[in-house]
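Protein chains in written order, with this note's numbering: chain G, 2 to 528; chain X, 12 to 301; chain V, 84 to 351; chain S, 6 to 332; chain D, 11 to 335.
Derived from the structure by calculation, the hints contain no laboratory data.
Glycine included, C-beta positions come from ideal geometry on N, C-alpha and C.
Warning: the hint list may mix true and false statements.
Said to hold, decoys possible - DEER-style ranges, computed between Cβ atoms:
(1) S:10 x D:255: 50 to 58 Å
(2) D:44 x S:72: 54 to 62 Å
(3) X:30 x V:328: 48 to 56 Å
Claimed, not checked - Calculated lysine-lysine pairs in the DSSO-like style (CA-CA distance at most 30 Å, straight line):
(4) S:35 x G:265
(5) G:143 x G:333
(6) S:45 x S:179
(7) S:68 x G:429
(8) G:528 x S:45
(9) S:35 x G:76
(10) G:429 x S:179
(11) V:339 x X:257
(12) S:45 x G:143
(13) S:68 x G:107
(14) X:108 x X:71
(15) G:107 x S:45
(16) G:17 x S:68
(17) G:240 x S:179
(18) G:333 x G:265
(19) V:339 x V:90
(20) S:179 x G:17
(21) G:107 x G:62
(22) G:17 x G:528
(23) S:45 x G:333
(24) G:472 x G:333
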Amino acid sequence: NNSSTPESGASLTIAKPDGAIATESNNPWIGESSGNKLGYINAILEPLGIVNLISPSDDVKPWLASEITWADDYKSVTLVARDGVKWNDGEDFTAADIEFTFNMFKDNPELDTAALGITDVTLDGSSVTIGFTGSMFSKQDKVLHKLIVPQHIWESVDDPATYENLEPVGTGPYVLSQFDTQSVELTARDDYWGGELAVPTLYYVSYNDNTALTTALANGDADWAQAFIPNVDSAYVNKDPEHNVYWAAAGLAVDTMFVNTQTKPFNDVAFRQAMNLVIDRQQYADIAREGSVPVVSSVTGLPTPVGDSFISPEYEGVSYEVDLDAATGILKDAGYTWSGDDLVDPSGAPVSFALSVPQGWNDYVTGISLIADAAKTLGVAATVDTPDSDSWWEAKGTGDFQAILHWTDTGATPYDLYSDIMDGRWLKPLGESADFNFGRFDSPEATLALSEYTNAADDATRAASLATVQKIFVDEVPSMPVGTRPFIGAYNTRSYVGWPGEDNPYVPADPTQPTSVLILTELEAAK
Amino acid sequence: MTTDDLLTVSQFSVSYDVTPPVEAVRNVSLTVRRGEILGLAGESGCGKTTLAYGIQRLLKPPAVITSGSAVFHDESGEDFDINTMDEIQMRAFRWEKASMVFQGAMNALNPIITIGAQLQDVFSTHRPAMTRTERRLESGRLLDLVGVGSNRLRSYPHELSGGMRQRVMIAMALALKPQLMIMDEPTTALDVLVQREIIEQISELRAEFGFSVIFITHDLPLLLEISDRIAVMRDGRIVEIDTARKLYENPTHDYTRRLLASFPSLTGERGGFVRRPGEPALDEEAGSIR
Amino acid sequence: MTTLEFKNVSKKYRVRGSGELLALDKVSFTLTSGQTIALVGQSGSGKSTIAKILTQLERVSSGEVLLDGTPIPTWGRPLRRYRQSVRMVFQDPFASLNPAHTIRHHIERPLRLDKVVPADQVEEEVFRLLNRVRLSPEQTIDRRPHELSGGQRQRVAIARALASRPALLIADEPVSMLDVSIRLEVLNLLAELQREANLGVLYITHDLATARHFSDEIMVLHHGTVVERGKADDVILRPQHPYTRALRDASPDPEKHFAVPTTPGATS
Amino acid sequence: MRFFLRRAAFYAFTAWAAITINFFLPRMMKGDPVSAYLQKNQGRISPEAIDSLRTLFGLDSNKSLLEQYIDYWQLLFSGDLGRSFSKGLAPVTDVIASAIPWTVGLVGIATVISFVVGTAIGAFIGWRRGSRADGIVPVATFFSTVPYFWMGLIAIAIFSTTLGWFPASHAYDKGTQPSFTLEFAGQVIQHGFLPALTLVIGSLGGWILGMRNMMITVLDEDYVTVAQAKGLRPSRVLVNYAARNASLPQLSSFAMSLGFIVGGTLVMELVFSYPGAGKLLLDATTAKDYPLMQGLFLVITLTVLVANILADVAYAILDPRTRQMEA
Amino acid sequence: MFRNGKSIAGLSILGVFVLIAIFGDWIAPYGPLDKDFTALRQPPSWVHWLGTTHMGEDVLSQIIYGTRGVLVVGFTAGVIATIIAVAIGVTAGYVTGWRSESLSALTNVFLVIPGLPLIIIIASQYENPSLLLISSVLAITGWAWGGRVLRAQTMSLRNRDFIQAARANGEPLYRIIAVEMLPNLTAIIASSFVGTVIAAVLGLTTLAFIGVIPITNLNWGTILFWAQQNGAFPDFWWWYVPAGLCIALLGMALSLINFGIDEYVNPRLRSAGERARAMRKKGFKLSDTATAVRPRPAAAGTSGPGTSSDPGTSSDPGVTNAGIK
Ligand SMILES: Nc1ncnc2c1ncn2[C@@H]1O[C@H](COP(=O)(O)OP(=O)(O)OP(=O)(O)O)[C@@H](O)[C@H]1O
Ligand SMILES: Nc1ncnc2c1ncn2[C@@H]1O[C@H](COP(=O)(O)OP(=O)(O)OP(=O)(O)O)[C@@H](O)[C@H]1O
Ligand SMILES: [Mg+2]
Ligand SMILES: [Mg+2]
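So here's chain G without its partners, still in its complex pose:
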């Protein structure tokens, strides 16, 4: 089935590497329900609007809400329900469904895994206004990407957390036609509000691991997946270079080396700056991520091009460069010396540190091996630890480490990225478990600037505070970004075209996101 003639009416197989699906549950609020795990729930239920996380400066695309109006301080939003949308059981979609859905989060906070903090939901004809405890500026996507469920079904549900929703009713383009532990089949609606759909049938399939998934993608058993494919060219793209596409679009999240800023040696800014200068981001992208993700280049840590519009003028075009001389210069200035090849700190102690990531997280393990090698160029004895993931997780939270690789959250703004690294709101004393800012970077200015950024009511204030944040980030090196965390998508154009891609990045090509509904409606049969 690797033939290159497009097949009209071909089905599309969407795959995940997550192991057995086991039992059917189309509950959209449970992360591990079959609907969420395979992602097919996103073809059945739809969000309010679509935020393009790989190009946040794009306008938000209204979806079930035909109008989206944020208050200036982003503490409330008013949504107008789209007209002419029908649930797939024939009922009309109304604003009351939006109201119901958000009320459910308000009443069952355990379902609100984004911690939106909804205060009130008011229905006013065809519009709904939702109020929040805090500013949603940096969480716009999380609000708008909530899937809307039908009130007439869900109002009689006792416990929405365990409701299996076996006959899912949604507004989305597809309906569930057959569930099976091997594959889930969805068929296109002919009364979809968004118009005709090119793909008549979707299959969602799970493979037991990445290798099996890669094999399936390569031989055409699977068409579309969000999966990291090592050595992507030879394993996948080259199997059908004309049609196979692997697209990793950077979002506003990075893999970064959190360093413990409260203990030696990373409590010294000079040492952090020096380390930052010897880490080779290109090498990380090439080797640890096997060339399949974009490099993080801006010194602000913001991935490009997604973050370009957020980079303060001061750092525009300033890129990470490996500069051993500069690094040694900084160290010398700070009083470091060398004994033979070994770096000695001003107090006379040799400098060493341990890098750790859990065993089995192989790109990270490769990553820290590279960083350890880089540290050796400074004369630092850097060792690589790969404890089991539970020990690592615990140590990470309590700050019992010197350096780890970790990710930051992603969002429509750089807020998550910076906040996760340097925000005082996460700050916990060593020994207590922190959820972010693992390195215990303690900078009231940064905390203040971040808070100003997310709570501001105007763009100028935001720009100013973001610039402050970036300056602190660059100067004090609270953490060292090493790579981007892109949205990955692998698909082929044999039967369908119209995919998002390098040249038309309208959403990430991730089939498990609420935004994937847009892709499903954009696909066209290949000629």
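Got chain G; can you put chains X, V, S and D with the ligands on it based on the hints?
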């Protein structure tokens, strides 16, 4: 035409082709007469079993028959040269003409199959025309004959005593009314009372059916009682062969004499036995063990 | 003078599936050093059970065993001292020697265990013992059991039993597994040693002929009870109990067989 | 009768011990389901969700270990195994029910095939010892020492990726639903062929060798010679007198080998994306999904015990001696 | 045993691996983790005999260094498992009644418990588990089989006369077990030891492959883990084929040793193996049901008529009639 001889063994040799080769039976010649019990005596390892198995071609590699012949003179007048038969002929010959009772009955019966099934095996192989019922009836009759009882057909070997097992073996050997029955130490593992019963049984059956028996044992007193003629073996050769009485009263060979002397008399006074003080100590033979 | 007395000894075995089995029923007898008693009986009559009780490999169910009038100890050092004076030769010389050890080990162990001789004389004593059972020490001492013939092995077993200088020796069918031609030699050897060391011997056998010649007294065991006991010749030649008679009549006896002329092959 | 009572008591004890261990083991593990969940979703779930998840999983109650243990037994007896954290809070019984048939089906069949074929080959090699057939032994042994996952991956590379003869994954084609049709059966066979074949090849060696060695021992028994002396056809001697006796020890190893099914199947399921209990167990273990782990442990333990009981019964039927002698 | 062809072959292969394990540092052309970023995923060449990994590490060097981890874990696990198996199995076999039954039940519980999760759980208790710990865990899940075999064997030894003789001589219990019994169990212990080593090697590599054992402990399994994680299957054969073959080769060597032990314990197996072939050369067929007839003097020149028979069918006469009248 039938002769008086049932089996003629001449210049029969068997060796085990190991390094160095063991010549277990050397140029043995003997005849078994129709209806007689021929005893085969000799110490352990002298080749009794090898000879008995050898004339039935039952030995497994590395045994080879290196010379001689064993000719079976059938009632019908036909002669079978056992050494020239092929495997299929051999299979048809076995049990039909000559059957065996093996040393150690516990091991000679398959422990996980009923004795009935093991008896019926013989019929289904050699008498394919028999029906299942006939086979069962016949097997039952055989068990009755040897005094085990046809109700034991469904018993497993371990459910029977040693004596009963040996009788089952004898019943099995009788199944096809063979003309020759070879018994390799059939009573060695049994106690005297049981041994006596079995010996009597064999004598009775022989009187009834008229088959010949080659009876192997190292228990000379026993042989003397039951055999018509006795062959004494040593080192793979037959050193003396004669009627039981002659052998007992006038052993010509030294070895026979020594063998006889190894058995103190139950009721008499003979034997080199030094129980009572004052009698001379051990004979010289004992020292040779050193 | 050592006396071992069995007083109303009964032994029950617990048998899986079928409750209990009375292997010995109120058996009483006395064995003194210098005396040989033969214990004969059919298979399963309880002969070996008596031997096992004597060596304390099994305990009595009721009754008592007295050594010189005192009950025999059942554990610890006293038991070991008791065992030193009562030794056993097993039926199967192929099984009673440990295939993994040399002859030296087999004979040395009791010497060292019971401290029969000072440690520096052990070697000498081993040689003496081997010589006594007419084995050449130089040739046998470092061999393993599988390198010896059956008769030689049984001699080693006898040497081992004698090593502790026991007062009483129990021989449980010591020659039934041996080749005919060497049985008498071994028995003669035992008899000789018995005389020399003034041993008390319990000779267990089912062979009436050797029992008669080897022992002073014969004790006939039937289903766990002693049915007859008396001077060896008396028991064989003039049996009182029907069971003894049956046993005797069943034993092949060419002398009797050929005394009356019979047709060949027919049994008497 | 006593024999069977003793066996029953023994099985009851084993079951109790295994189930108790099953209860305590997961609780000795480090980490908890929530952090396992966050780890698995690296960055896709914000730590802000921790509290919601704790409530969701019902981890916010504090009960002593003993109370939990008692609850666990109560739930067991009521047939309720709880809900699985890592499978969308689905009832554990459902999750297991969806996986067990595949494991038992494929691996069970493969084990049986490998046992039957291996025993047959072993019997043949033992019978014709010294012949060229002996050459099978080293080959089979080689395959049984090859790591299974490696063989599986290579088999996929050759038979699936390169030659395209067999599908590389799953138990049947996507878009079909299990049904009792010929077509579905055909799919199951096609998908199951490669995993089953590799499983069989990987485990054949042990059976062949065990049977061959046993055959050689049995062939020296007197009753085999007797059977030959009776003039029985060689095939009959082979089947009724030699192989039948020689296969008895194989049978008890077979019962034991059923216990290794789940461990052995894990790698197979991983490599061939086959649905089944092994992968489920690994997933449950990494996700700290106690309810699912316990449920699987329970099912596995009971399966093994039942298999052993069956083997015991079969042994008792085939070997009359066991009925009398001790276990 | 050391004169057995199979054991010699097995021991030689094992010997080579042991040498590699000991002298790995000298033999290996590169450090196992030395990265050559200019030579990523290179097929075998003169520079890198077995090619390189995705980070430019030399596969050959990794295999050489990995040998040590495999052997150390395999043998340590084997030793520990054997100690447990001997302690529990022999005791359970020697004592009687409830003591024996409960030890046997313990053994069975260990046979029933799924080993893999047990390994994962125990291993997860420790940060950076040492080779010793991994071995112990593999041993804990792997001793039961040997324990069972040893129990059965001990039970049959217990009633043997020489043990009874030792008891009757008043030997203390520990001596009976240690001096009288154990030497007779050595072959079985050795074979169960070799068996657990094989199981431990396979277990270790499998666990490393599925990523539950720290990959910092370089061994052949971790090589395969990295290969699989980095998409080596099926294109980069040099990365995964040698490690798999090494495992199989080591397993094979150990199996050969076990064959040797088996044949030592049970001489019939030996005659079934090599001697059977020798006999075939002499013209015997072991499946023959009739004894070969081969007159001595006539056979001087030829190897005997028996050899001329066609080995094809079993109904074949197998013995040609050398008519002696
Ligand atoms: N398979 C064999 N390989 C080599 N030699 C053998 C083999 N079988 C028997 N022998 C030897 O052949 C000789 C005769 O053995 P055979 O079994 O015939 O003796 P036997 O008289 O029956 O002894 P027993 O009274 O102990 O049964 C012995 O020396 C024996 O060692
Ligand atoms: N350990 C045991 N457990 C149960 N029953 C036993 C045990 N040992 C012996 N018996 C039984 O006790 C009875 C007497 O056995 P014993 O061994 O004393 O007989 P024996 O006279 O020595 O027989 P043999 O001449 O065959 O050696 C027999 O019925 C036997 O089955
Ligand atoms: Mg014989
Ligand atoms: Mg006895």
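Cross-check of the supplied hints:
For residue 10 of chain S and residue 255 of chain D, the hinted distance range of 50 to 58 Å is satisfied, since their beta carbons lie about 52 Å from each other. Judged by the Cβ atoms, the range 54 to 62 Å given for residue 44 of chain D and residue 72 of chain S holds: they are separated by roughly 55 Å. At roughly 54 Å, the beta-carbon separation of residue 30 of chain X and residue 328 of chain V lies within the given 48 to 56 Å, and the hint holds. Only pairs whose Cα atoms come within 30 Å are accepted, and residue 35 of chain S paired with residue 265 of chain G is accepted, the gap being roughly 28 Å.
A distance of roughly 47 Å separates the Cα atoms of residue 143 of chain G and residue 333 of chain G; the hinted pair therefore is violated under the 30 Å criterion. For the proposed pair residue 45 of chain S and residue 179 of chain S, the alpha carbon gap of about 26 Å is at most 30 Å, so the pair holds. The suggested pairing of residue 68 of chain S with residue 429 of chain G holds, with an alpha-carbon distance near 28 Å, which does not exceed 30 Å. The suggested pairing of residue 528 of chain G with residue 45 of chain S is violated, with an alpha-carbon distance near 40 Å, which exceeds 30 Å.
Straight-line distance between C-alpha atoms of residue 35 of chain S and residue 76 of chain G comes to about 40 Å, which puts the hinted pair past the 30 Å bound. Restraint check for residue 429 of chain G and residue 179 of chain S: not satisfied, since their Cα atoms lie roughly 49 Å apart, outside the 30 Å limit. For a cut-off of 30 Å, the pair hint linking residue 339 of chain V to residue 257 of chain X stands: about 15 Å separates their Cα positions. Restraint check: the Cα-Cα separation between residue 45 of chain S and residue 143 of chain G comes to about 20 Å, which is no more than 30 Å; the hinted pair holds.
Our distance criterion of 30 Å between C-alpha atoms is met by residue 68 of chain S and residue 107 of chain G, whose separation comes to about 29 Å. Pair hint residue 108 of chain X plus residue 71 of chain X holds up; C-alpha atoms about 21 Å apart against a cutoff of 30 Å. Taking the CA atoms of residue 107 of chain G and residue 45 of chain S, the gap is about 27 Å. The hint holds against a cut of 30 Å. Between residue 17 of chain G and residue 68 of chain S the CA atoms are separated by roughly 37 Å; this puts the pair beyond 30 Å, and the hint is violated.
Only pairs whose Cα atoms come within 30 Å are accepted, and residue 240 of chain G paired with residue 179 of chain S is accepted, the gap being roughly 22 Å. About 17 Å separates the Cα atoms of residue 333 of chain G and residue 265 of chain G, which keeps this hinted pair within 30 Å; it holds. Between the alpha carbons of residue 339 of chain V and residue 90 of chain V the distance comes to roughly 38 Å, so the proposed pair goes past 30 Å and is violated. For the hint linking residue 179 of chain S to residue 17 of chain G, the alpha-carbon distance of about 14 Å falls within 30 Å, and the restraint holds.
For the hint linking residue 107 of chain G to residue 62 of chain G, the alpha-carbon distance of about 25 Å falls within 30 Å, and the restraint holds. Distance hint between residue 17 of chain G and residue 528 of chain G is fulfilled; the C-alpha atoms sit about 28 Å from each other, no more than 30 Å. For the hint pairing residue 45 of chain S with residue 333 of chain G, the CA-to-CA distance comes to about 42 Å; that exceeds 30 Å, so the pair is violated. In summary, the hint linking residue 472 of chain G to residue 333 of chain G is supported, as the alpha carbons are separated by about 23 Å, within the 30 Å threshold.
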